[in-house]
Amino acid sequence: MSGRDYSKLANGWEFIEDTAYDNESDLLHELRRQALDAGFEQGSASQARFMAIQVRQVRARSVIILGTGALVETVHLIGALNALSADTPGQLTAVDSSAQGTVLIRKAFNRMQDHTHVKLRVVNAKADVFLPRLNPGDYDMVIVTGDEQNYSGAFDHAYRLLRRDGVLMLCDALALHSASATPSPRSQTEASGQDHSGQHQSSQHDRVAHMCQLIDDAFDDERFDSALIPVGTGMILSIKR
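Here the working numbering is used: the first residue of the sequence shown is 1, the next is one more, and so on.
Just so you know, the hints here were simulated from the structure itself, not pulled from any lab data. Each residue gets a CB set at the ideal place from its N, CA and C atoms; glycine is no exception. Be aware that one or more of the hints could be misleading.
Label pairs and their calculated CB-CB ranges [what the hints assert, rightly or not]:
| id | residue 1 | residue 2 | range |
| --- | --- | --- | --- |
| 1 | L9 | P132 | 15 to 21 Å |
| 2 | A86 | R164 | 23 to 29 Å |
| 3 | S85 | I229 | 26 to 32 Å |
Just need the whole structure built from these sequences, with the hints factored in.
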């Protein structure tokens with residue numbers, strides 16, 4: 001592909017993201033702003049929408065999301081689980097590495113509680129501490145986003161927790177943090193004159209290297225069939241064999 005082709009592709013990607021954002025509900029826009037004000041950069045709207053579509057496509061009943069203030073993604077998943085049959089209520093387990101993130105998720109769920117049959121379990125814990133406590137083979141989908149620590153051991157945890165043909169999603173596979181629909185308070189602070197550029201670039205380089213290793217690990221792991229999906233900030237989609 002030529003440089004011009006890549007430029008057109010980038011414009012198309014931006015159009016997809018804008019369309020997904022514009023079609024989010026007023027509630028989601030409000031929650032996105034609240035999370036950003038609290039210091040939690042929110043994920044891509046198109047990526048969150050893709051998660052929700054996948055929940056409905058595989059008819060997932062039990063989903064785990066590992067996040068860090070991942071409010072928008074969590075609300076999308078609740079909506080997707082709620083769209084499935086009320087006869088067997090779906091359950092979402094939100095494991096958040098931030099105590100403040102769990103508070104935001106609970107507040108959002110309280111606003112939705114009268115209109116959903118989904119069961120929500122919210123836990124403030126590190127993934128490698130909480131996940132080993134869960135029953136093996138009980139889950140249809142595991143989603144990982146947020147801080148780098150959330151990704152540690154993702155394939156081992158997912159293999160134990162997922163049923164056969166269960167789905168693992170690793171977000172931000174392309175490590176494009178600037179792709180969120182609204183800039184985070186941190187990025188706004190940096191733009192105002194505080195020079196954290198060296199530290200930020202170093203952290204970004206480390207994350208890119210980590211994500212590249214995760215991509216290699218995904219395709220090398222014979223327990224899963226994996227693909228790199230160009231949605232939002234990139235996603236590794238793996239299915240347990």
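Against the structure, the hints come out as follows:
1. Against the hinted window of 15 to 21 Å, the Cβ-Cβ separation of L9 and P132 comes to about 41 Å, which falls outside the hint.
2. The supplied range of 23 to 29 Å is met by A86 and R164, whose beta-carbon atoms lie about 26 Å from each other.
3. A hinted range of 26 to 32 Å holds for the C-beta pair S85 and I229, which are about 27 Å apart.
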